[in-house]
Amino acid sequence: MITAKTKNKQEILEAVVIRFVGDSGDGMQLTGTQFSDTSAMFGNDIATFPNYPAEIRAPQGSLYGVSGFQVHIGSIEISTPGEDLDLLVCMNPAALKTNLNALKAGHTIIIDTDSFTKKNLEKALYASNPLEDGSLNNYRVIEIAMTSLTKEALKDIEGLDNKSITRSKNMFALGMVYWMYDRDMNHTLEFFQQKFKTKPLIAEANSKVLKTGYYFAETLELIPNSYTISPSKMPKGTYRIINGNTATAWGLLAATEKCGLELFLGSYPITPASDILHELVKHKHFGVKAFQAEDEIAGITSSIGASFAGDLAITTTSGPGLALKGEAVGLAMILELPLVIVNVQRGGPSTGLPTKTEQSDLLQAMYGRNGESPLIVIAASTPADCFDWAYEAARLTLEHMTPVLLLTDGYIANGSEPWKIKSINDMPPISHKQISGGDPEKWNVYDRDAVTLAREWAIPGTKGFEHRVGGLEKDKITGNVSYIPENHEYMTHIRAEKVERVQNSIPDLKSDFNDEGDLLVVGWGGTFGSIHSATKKLNEEGFKVGHVHFNYINPFPKNTEAVFLKFKKIIVCELNTGQLVSILRAKFTNIEFSQYNKIQGLPFGASELTQKFKTLIK
Amino acid sequence: MTEATKYTFKDFASDQEVRWCPGCDDYVILRAMQKALPEMGVKREDVVFISGIGCSSRFPYYIDSYGMHSIHGRAPAIASGVKLANPDLSVWVITGDGDSLAIGGNHFIHVLRRNLDLNIILFNNEIYGLTKGQFSPTSLIGQKTKTSPYGNTQPPFSPGELALGAQARFFARIGGNTPKEMTQLFIESEKFKGTSLIEVLQNCPIFNDGCFKDITDKAVRADRQIHLEHDKPMIFGKERDKGLVLNGLKLEVVTIGENNVTENDLLIHDAKDPDSTLHSMLVRLEYPVATGIIRAVEELTFEAREEALTNEVKANSKFNKVDDLFFSGETYEV
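So the sequence lines, in the order shown, correspond to chains A and B.
Going by the numbering used here, the letters in the first sequence line up with residues 330 to 947, in that order.
Going by the numbering used here, the letters in the second sequence line up with residues 2 to 335, in that order.
The set of hints was computed from the structure by calculation and includes no laboratory data.
Bear in mind the structure is a predicted one, so any value in this text is a computation, not a measurement.
Certain hints may be false.
[Stated by the list, open to error] Simulated pairs of lysine-lysine, PhoX-like, Cα-Cα distance not exceeding 25 Å:
1) LYS611(A) with LYS319(B)
2) LYS315(B) with LYS751(A)
3) LYS7(B) with LYS194(B)
4) LYS873(A) with LYS771(A)
5) LYS44(B) with LYS771(A)
6) LYS322(B) with LYS762(A)
7) LYS315(B) with LYS613(A)
Looking at chain A on its own, in the form it has when it is part of the complex (with noise of 0.2 Å):
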């Protein structure tokens, strides 16, 4: 008989890494998500990273069927889901086996007794029941029979299946983990009013059931203290909770109104990008023409022929993707039109790892066409700031009249983190190049403009501005085919060239911390948040550690080099076997890099980079 009693003793943390774990049909993702929002409008900075498998409802109970949602807040600054688990929640044998070794020892786990039967410890392999083996002795196991528990909360609600019934003990789960970190339950039930307005009756089993399991843990001794985490010092202003893909979404909404355009997005499902496609489709509001077409190859050709009749197009897509679309983004080149390409990279080669995360479609970004075929290549670094990322490759195209290809990875992609929420009018201009008026006659298609080297865009429509276009090698000044051989070089030249002076309409490149010093640590795109986390622990203890990180990447800032000057070592850390490396070892001949990579599908932890880091600076 459990008997009331008040909190016990309140422990206060700075953070606290959480994982939620279970069978990939248990909802892990939906507890995780409403644990990191509360956490957020609470005040805490967060950061989360939901780890899941490719199958949709994998074989239940089996190891690979195993979905997990991790998410770290604190009342300090957040920039990764952390590393070692303060908590583990966990609902099946198999999801115990898969995640153990990231709790840390003596801390907690949350289990769900009710799961561990024979036929699931058989799936899970195990020879034993670790709940009876003594193999957690190291830990403070809560054993908690939850489906039990869950179902007895929800005997007297009528007309509920069983199946509805068994779906609700992740809210038990939840209900008992907001008890510990001492959260409000209200934002969650209002969810549930939201979610299940047409359900009334899941919606108030999933109430009642999310009060049954915060009430339980309240009044159980097994928990013996709860938590604090104050809320972070985060700059005043509105906040939301808002994932990589959203952000995309949202950035090239915001530069669609800037500039003035429509929006055309031409587009295939493919993991981790699709939810840039689910987002966009929503939005006829705004008169967003987002097309699922037959396949990657005419997502990027419709956008090519949007492009052509005046609307800011976007084509979004995944590594194997991007190598479908590769010709035709050699098409969107040589035509000089706008375009941007969104390539959320996964784990490769091939079909790869496709829910997983990894850095090695740069090259692809990079060099992935036939022929001379340059691209300004950037990559956002952290959930939120997709969105600057994708206004700013919108205003690139726009204005430099060439394709902008913009890498985000799975792990930012899916990954939230609270965003400072950007107005329009914060956002800087954006201009294009459509011609509105003027003479035809002293008009040429590929005429450019002085400094950009940027052409003019004549959409059809526009009357005595006929023109073809094509993609054969054309004439330097009127467009026309033209195979006369130093025409080609000239061509070949100046586009690269129109590249390279994208330089002048980006800023410098920053290192964080050190401006010099013994260690450079150079990253790019979404290892933002590790490579941050580790170079500001070097920092704490003493040593004297820059961090660049890239997110221009062709062309790359100016002064580069001259950053990289000023320390006596550099480090390039990379999900992939050195790409960015093997990029600036080319360019920047006079300069020694060290590489750290890790391709294993998972993001760089940022105890493996301070422990490599020190071995570099004794």
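Put chain B on the given structure of chain A with help from the hints.
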């Protein structure tokens, strides 16, 4: 249309020298198009030609309007993007049998399925010309080409059958040496709201000379072709004495005056019949070969569906500006 935008065929001729082989039917098609365009009531700046790769795909360079010579097989997808970006444009796809039925087969069937208001002209010469004479997806069994020196072993597509299978609403066929009828077809195709596909039986004098001579030669064509007209009897022949009737589930050629057959016994062509059964039979017919508009069934276009939906969403939305979206829902203050 205002006085100032009355055009002649010269207004649609670009300054580029036409570079097809002498005697190629492509010249006929170009000329027919330049004659048809002024009759369509569209402004020159609103006309867009998109092509893929192949001999036919040089076409946009020779028309003085907006145009794009793109990459192999992708013209239907590019044209779809153009049309969705600006539905007011008159958008034309120029393609060949290799371009649309081999490398671009996927885009070809899907563009027909969606039914945007596009016009597609398929130059079918049953061979790859630009790459110098390999067999194409419409080459015949046994046809000797660079890549089938002992005879082609891959059975051909019938473009019309493929098109109808892909839900084509408008399908027409025309011989490459009948410019007057071709001009008229182009005008009809532009009038039709939806994707229209015109297959031109186009002779390649270099790599597949005479491929359609049994059907299109002046001396035989009246007897070998039946030029279909909506709501008119299916009649053909130099003497206008032959026609088509239905015998069981097959079309049969009959002679007027024989076996008590009169013109009244002939089938009446109904291009607007949503049921494509008879259209499919006509498309497959080997004698006589059906030309003219075989099928023309109007239904809502893809862009019209999209526009209606967009208007509906706009009318019911609380979001006018992106800021409305960004600051909506679950936000919080720090």
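Hints versus structure:
no. : hint                     : in the structure
1   : LYS611(A) with LYS319(B) : holds (13 Å)
2   : LYS315(B) with LYS751(A) : holds (23 Å)
3   : LYS7(B) with LYS194(B)   : holds (23 Å)
4   : LYS873(A) with LYS771(A) : violated (59 Å)
5   : LYS44(B) with LYS771(A)  : holds (22 Å)
6   : LYS322(B) with LYS762(A) : holds (24 Å)
7   : LYS315(B) with LYS613(A) : holds (7 Å)
Hint 4 alone, counting from the list given before, is not met by this structure.
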